[in-house]
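Novice: One letter stands for each residue in the lines below.
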Amino acid sequence: MTLEKVTAILAEYKEMDASEITAESTFEELGLDSLDVVEIVMKIEDEFNITLEMNSEINTVGKLADFIDTLL
Amino acid sequence: MIKTDICDLLRIEYPVFQGGMAWVANASLATAVSEAGGLGIIAAMNSNGEQLRAEIKKAKEMTDKPFGVNVMLMSPYADEVSAVIAEEKIPVVTTGAGNPSKYIPLWKESGAKIIPVVPSTALARMVEKRGADAVIAEGGESGGHVGDLTTMALVPQVCDAVKIPVIAAGGIADGRGIAAAFMLGAVGVQMGTRFLVAKECTIHQNYKDKVLAAKDIDTIVTGKRLGHPVRCLKNNLSRSMFEKEYDSSVSNEELENMGVGALRRAAIDGDTSNSTLMAGQIAAMVTKEQTCKEIITEIMQEAETILKGASKWVK
Chain A
5 MTLEKVTAIL
15 AEYKEMDASE
25 ITAESTFEEL
35 GLDSLDVVEI
45 VMKIEDEFNI
55 TLEMNSEINT
65 VGKLADFIDT
75 LL
Chain B
2 MIKTDICDLL
12 RIEYPVFQGG
22 MAWVANASLA
32 TAVSEAGGLG
42 IIAAMNSNGE
52 QLRAEIKKAK
62 EMTDKPFGVN
72 VMLMSPYADE
82 VSAVIAEEKI
92 PVVTTGAGNP
102 SKYIPLWKES
112 GAKIIPVVPS
122 TALARMVEKR
132 GADAVIAEGG
142 ESGGHVGDLT
152 TMALVPQVCD
162 AVKIPVIAAG
172 GIADGRGIAA
182 AFMLGAVGVQ
192 MGTRFLVAKE
202 CTIHQNYKDK
212 VLAAKDIDTI
222 VTGKRLGHPV
232 RCLKNNLSRS
242 MFEKEYDSSV
252 SNEELENMGV
262 GALRRAAIDG
272 DTSNSTLMAG
282 QIAAMVTKEQ
292 TCKEIITEIM
302 QEAETILKGA
312 SKWVK
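Here the protein sequences come in this chain order: A and B.
Heads up: the first sequence begins at 5 in my numbering, then just goes up one per residue.
Heads up: the second sequence begins at 2 in my numbering, then just goes up one per residue.
Heads up, some of the hints might be wrong.
[Stated by the list, open to error] Derived SDA-like pairs (lysine to any residue); straight-line CA-CA distance at most 25 Å:
| # | chain 1 | residue 1 | chain 2 | residue 2 |
| --- | --- | --- | --- | --- |
| 1 | B | K109 | A | Y17 |
| 2 | B | K289 | B | T306 |
| 3 | A | K18 | B | T151 |
| 4 | A | K47 | A | T26 |
| 5 | B | K103 | A | D21 |
| 6 | B | K103 | A | T26 |
| 7 | B | K225 | A | Y17 |
| 8 | B | K61 | B | A123 |
| 9 | B | K109 | A | I54 |
| 10 | A | K67 | B | M75 |
| 11 | B | K66 | B | G99 |
| 12 | A | K18 | B | K225 |
[Unchecked claim] Below, a sample of chain A positions facing chain B; criterion: calculated Cβ distance under 8 Å:
| # | residue |
| --- | --- |
| 13 | E19 |
| 14 | S38 |
| 15 | E43 |
| 16 | V45 |
Keep in mind the hints are simulated off the structure, nothing from the lab.
Beta carbons: idealized from backbone N, C-alpha and C, even for Gly.
Start from the sequences, fold in the hints, and give me the full structure.
Specialist: Here is the structure:
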């Protein structure tokens with residue numbers, strides 16, 4: 005469920021089809037620079053009502069979704 | 002007399018910050034700005050913890066006024082210098098080149114006021130949510146590492162996005178810039194280039210002379226391809242880097258290496274050709290060497306006159 009929501013946020017942000025994004029997709033592959041990541045984090049924080057502290061190990065969509073699950 | 006919220010928050014006389022410029026913003030410059038009633042800021046740049054501690058110690062011997070430290074978040078020593086800032090109970094910390102969220106709890110605990118430089122509204126919102134006391138909205142007119150948005154566009158948008166005070170930076174060199182920044186919603190300004198040529202600034206005279214001689218079209222942005230664009234004066238190195246950016250036969254690594262040590266060569270060695278002379282678009286407006294006291298007094302008087310006269314167009 006979280007993975008779908010995160011994928012939808014990313015798909016909308018990048019104007020991509022959600023099917024092009026998988027759990028293994030890295031932010032780099034999606035063409036997201038550091039400021040894009042800040043935008044995405046704030047969108048996720050607003051959507052899930054959490055505070056998300058990113059670190060360099062969270063580099064794929066799947067890892068991000070798993071991390072969000074630990075905060076819910 | 003101009004007083005804003007930021008003066009009370011930081012216990013400074015004038016709402017003027019001096020930018021935390023690497024190889025420039027040392028104890029000499031920062032304490033001169035603080036003594037003049039502004040907020041002097043020491044650049045931690047790529048210093049390690051002990052080098053920063055030594056500079057802080059020097060500054061503490063030179064002034065009793067508050068001064069800040071700027072942390073360049075891409076530095077390999079960012080963790081170390083962040084700890085030193087907390088240990089030394091530095092009252093104000095500014096950050097650049099990234100997201101400072103992970104250090105905010107540490108600095109909050111040491112009592113520092115945290116004022117990140119932000120190039121976008123999302124980062125401004127993010128640091129506000131995590132406890133930042135104010136933000137510096139820096140437009141791409143500034144010298145050194147720059148964002149895309151201009152000061153004119155960025156400052157009001159950041160003011161709308163957050164409730165904490167906003168300091169404007171980028172393209173501000175005199176009282177007109179300060180007055181304009183206030184009109185956009187800022188309650189203070191940060192200046193870099195104007196302080197580059199301050200008498201207490203210890204950079205090489207050749208660098209100062211280049212800034213003093215600069216015209217309006219003399220700055221250039223290099224390094225866009227590498228993802229960390231830098232604004233500096235045009236010279237042999239910056240022109241060559243600019244050209245090579247569009248040359249796909251030049252690797253990113255090669256391009257990156259061209260910039261290594263180039264700011265040091267400008268600021269310390271006085272090399273004006275094969276070096277990076279970081280300066281903002283207003284370099285041409287900086288035409289005289291003055292003390293920090295003279296600079297701050299002059300710009301605040303100009304700002305006051307302009308702001309008082311601003312109602313003349315309102316019929």
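Novice: Each of the hints needs a verdict: does it hold here or not?
Specialist: Hints, verified against the model:
1. The straight-line distance between the Cα atoms of B/K109 and A/Y17 is roughly 33 Å, outside the 25 Å bound, and the hint therefore fails.
2. Distance restraint check for B/K289 and B/T306: the Cα-Cα separation of roughly 21 Å lies within the 25 Å cut-off, and the hinted pair is therefore satisfied.
3. Pair hint A/K18 plus B/T151 holds up; C-alpha atoms about 24 Å apart against a cutoff of 25 Å.
4. Between A/K47 and A/T26 the CA atoms are separated by roughly 19 Å; this keeps the pair inside 25 Å, and the hint holds.
5. Among the hinted pairs, B/K103 with A/D21 is inconsistent with the structure: their alpha-carbon atoms are about 33 Å apart, more than 25 Å.
6. Our distance criterion of 25 Å between C-alpha atoms is broken by B/K103 and A/T26, whose separation comes to about 28 Å.
7. The suggested pairing of B/K225 with A/Y17 holds, with an alpha-carbon distance near 22 Å, which does not exceed 25 Å.
8. The straight-line distance between the Cα atoms of B/K61 and B/A123 is roughly 35 Å, outside the 25 Å bound, and the hint therefore fails.
9. Restraint check for B/K109 and A/I54: satisfied, since their Cα atoms lie roughly 20 Å apart, inside the 25 Å limit.
10. Taking the CA atoms of A/K67 and B/M75, the gap is near 23 Å; set against the 25 Å cutoff, the hint holds.
11. At most 25 Å may separate the alpha-carbon atoms for a hinted pair to count; B/K66 and B/G99 exceed this at roughly 28 Å.
12. For the suggested pair A/K18 and B/K225, the alpha carbons sit about 21 Å apart, so the restraint of at most 25 Å is met.
13. At about 18 Å, the closest approach between the beta carbon of A/E19 and any beta carbon in chain B exceeds 8 Å, and the interface hint on this residue is violated.
14. The restraint placing A/S38 at the interface with chain B holds, with a minimum CB-CB distance near 7 Å, inside the 8 Å limit.
15. The interface hint given for A/E43 is met, as the beta carbon of that residue sits about 5 Å from the closest beta carbon of chain B, less than 8 Å.
16. At a threshold of 8 Å, the smallest CB-CB gap from A/V45 to chain B is about 7 Å, leaving the interface hint in force.
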